[in-house]
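J.: So the sequences go chain by chain: A and B.
Read left to right, the first sequence gives residues 0 to 486 (numbering that gives the first Met the number 0).
Read left to right, the second sequence gives residues 0 to 486 (numbering that gives the first Met the number 0).
Any given hint might turn out to be false.
Copies of the same chain look alike in the list, so a pair counts if it fits in one copy or across any two.
[Said to hold, decoys possible] Restricting the straight-line Cα-Cα distance to at most 25 angstroms, the calculated cross-link-like pairs of lysine-lysine (BS3-like) are:
hint, residue 1, residue 2
1, K438, K305
2, K286, K264
3, K391, K305
4, K448, K305
5, K481, K305
6, K264, K238
What the hints contain is simulated information worked out from the structure, not anything from laboratory work.
Protein chains: 2
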Amino acid sequence: MIKHIVIAALCLLVLFGYSNAADFQANRLFKLLRSKNSRNWSVDKKWTVIEEDTDEYSPVYIAPQDGLAEHDKISALPGQPEGVGFNQYSGYVTVDPNAGRALFYYFVESPVDSDTKPLVLWLNGGPGCSSMIGAMSELGPFRINSDGKTLFMNDYAWSNVANMLFLESPAGVGFSYSNTTSDYDKSGDKNTADDSYIFLVNWLERFPQYKTREFYITGESYAGHYVPQLAYTVLLNNKKTNQTVINIKGIAIGNAVIDEETHMKGKFDHWWSHAIISDATRDAIFKQCDFTSYNTSTTCDDIVDKAWNEIGDIDVYNIYAPICLTPRERNTSAIPGSIDAFDPCWQYILEFYLNDTTVQKALHAKPTSWDLCSDVITNWNDRAVTILPIIKYLIANKQRIWVFSGDVDGQVPTTSSRYSINALNLPIETGWRPWYLNKEVGGYLEGYKGLLLITVRGAGHTVPSYQPQRAFALFASFLEGKLPPSS
Amino acid sequence: MIKHIVIAALCLLVLFGYSNAADFQANRLFKLLRSKNSRNWSVDKKWTVIEEDTDEYSPVYIAPQDGLAEHDKISALPGQPEGVGFNQYSGYVTVDPNAGRALFYYFVESPVDSDTKPLVLWLNGGPGCSSMIGAMSELGPFRINSDGKTLFMNDYAWSNVANMLFLESPAGVGFSYSNTTSDYDKSGDKNTADDSYIFLVNWLERFPQYKTREFYITGESYAGHYVPQLAYTVLLNNKKTNQTVINIKGIAIGNAVIDEETHMKGKFDHWWSHAIISDATRDAIFKQCDFTSYNTSTTCDDIVDKAWNEIGDIDVYNIYAPICLTPRERNTSAIPGSIDAFDPCWQYILEFYLNDTTVQKALHAKPTSWDLCSDVITNWNDRAVTILPIIKYLIANKQRIWVFSGDVDGQVPTTSSRYSINALNLPIETGWRPWYLNKEVGGYLEGYKGLLLITVRGAGHTVPSYQPQRAFALFASFLEGKLPPSS
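With the rest of the complex left out, here is chain A (with noise of 0.2 angstroms):
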């Protein structure tokens, strides 16, 4: 009964506007960085050229938390399985009272010894994006059924090692707001750190049993940008305060835009390598557009367009997996309850999930319309053109960086992340080699002095989503500072 519910929202879906170039995550960027407005945004020097800024602290607003991480705590989620052994906590973390600015998060404690492990933070990208997605789609523990009203327990959750926190950033993503709602169209990658930061600041003031926390930040897709400007942040107000406000580690980046030179020039070389656009289109391409300042011209417009019907209905963000198909179109059944089937379809599992007003309630959500990118933020007015002056200053500041990326995604491919990588110059400690999992071999990686480049095998754009066992064991192996084995 349920699941007929659940298949007719998704004729619906599928009849009503339903593309599977779906506006999510790193195709919102591309979507923007296309848009007009886009060819004017000015990009804030803060990002590209880092200098120790000399400016005396001035402190960010912190609001008492008292009583507030209890009134977090959800009972049950909605079509939770039995036997669930942790603590969950939801709720908003006021970041700018006058405005009336807050952010949504996500909290699961370890099941084990939560008291000893790291604290994690996870940020989808977007632009705008939500990081929920990471939560109930990814790698939190648990995933949505695909009747969109049952969930069912992921044993690769990377809250079996860490707590994890899943933060919606800026206002105006999924569940987080603003009342000021001109905060909407402010919305760049300054003040998503910003915002970030004060949020940070001000939930250890709410769980202050992770104030001294080993912290690390981690995030895939756009969040290459959020997750080093968010950690640079930090070690800036550390050094600042002249204390360790946020005790940060490093940070993980998974199929992450770092850099939009050599982002672009991946992408393409990765279509063609990959077999899904011709010779023609990539020469084209790569002799029309200017990928420097992509600062486009109609002629690469109209190229790039050729090259997106070229690819076909496929879903570029694992390109070999199935589309979303309705039921009846569908070929196989996806097996429900099953981690090793990742549903097609999960956009709007996770949409119908989540706009179940009891699921908002349990979420202590004020009730919305859910999206997994925002509607409301619609401009997009600062943004680094490339991070690795800011990764630089996190090598500086030893802090741990894992690239890791999965090799079937064709919109942060992985040729994207190994260009950008090597415009670091940075020297090899380790050649590449395979890493295994299971006597199979669940990727590969190239250690830099540094910096770990590391590939996970048949993984798409959303890593854990494809690969949730060798997605975890690299976090595992991320949180120990150790290299996955090699044999």
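Once you have looked at the hints, place chain B on chain A.
T.: Structure of chain B alone, referenced to chain A:
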């Protein structure tokens, strides 16, 4: 019980000398090319300079074949499912009575309207590997269950649309033999084609109802040599006899070795772009190895060895597939009898089945130790460094030519096929586009004047093993001479 026997056999095989870089099909070529002997191979100019042979026709050996077809009829294959509604034949055709040289075939008639359906020959590659690979692990009417004893129906058998003839060639491969064992030392491209031609003429005497039937030759891997060379031999002989001895209409070759220089270039490009080898190794290969002659040097050999080490223990024939592990090592169990779950231990399963004495008897095969690839053929005396001139000849002679390619094969990758075709400089008639099956992209195609390049998405080296339904759709389209649908 039966399952335990095959499991025990698999364990033994894994313990004693099993390697995932399995010695089969294209890997054979790779080894042969790199062996010391290969450097002194003479390249038969017959294949590199196509000339109209002005010699008079010297009639080939033809033996009386009366009554042999009925003798070759298979009553049932051991372990075959109930309700088999088609005729199967197998046995030997003598190609040289003086030497006592005979080639083994397996023939499957179409279950419906076999009288009107074309005759299609399938050849596996190597050189020296058996076409029973294709018959029992790829596109034949049955696949072998993981127990190594029972068969299940392949819903996507190519015999649904054609009468399929599988030939083990040359002598020394599989059940094919010569009583003059020195024949094995003379193996090469030329006499493989010559013997195969004599086989065909005699086989048509045995099955005269197929004499005027439309005929196609198909195959994969090193059959990228065999297939065009045999087609060329057929056409030459048809001309010499001034009659259509064999009514050949076209060829289809998959993940085919067509041209050594472009093959090697495409292979290492594929390895790098698919993130299985390092930048440094890719660069060194392109610097140290001379693909124009593949006159390997120690420096080149060393760096290619390094590349193989960097890849690690994956199945290079399908870089995303699981490898063959012992049952204890395996993470998941294969679903028995499902065409959608291709067992990575297929080589052992096939060897187990074909070495069963009741199976050999049912097949009318001489009792022997059947191998995937020949152990008695240890050298290969002539090969074409390029098949491109023959392809041109076939185009000029109005043959339908489809070059298909599973796009996740690292052994003879799609890049190799693309580079090879580009070397022909043919005008493009149909621009690159996806083709569809069940609303999913089945792959991509580009139509050239006289030749079609078509990929199969998510398929490895043995295309029908991994993507049986897509491979079948492609084959059916090939026979119809129509491009598969564009939506």
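J.: Give a verdict on every hint.
T.: These are the hints, each one checked on the structure:
1. K438 - K305: Between copies only: 20 angstroms across, 42 angstroms inside.
2. K286 - K264: Both ways: K286 and K264 sit 11 angstroms apart in one copy and 23 angstroms across, limit 25 angstroms.
3. K391 - K305: Answer is neither; intra-copy 37 angstroms and inter-copy 30 angstroms both fail.
4. K448 - K305: Intra 40 angstroms, inter 22 angstroms, cutoff 25 angstroms: inter-copy only.
5. K481 - K305: between (44 angstroms within a copy, 24 angstroms between copies)
6. K264 - K238: Answer is neither: 36 angstroms inside a copy and 52 angstroms across each miss the 25 angstroms cutoff.
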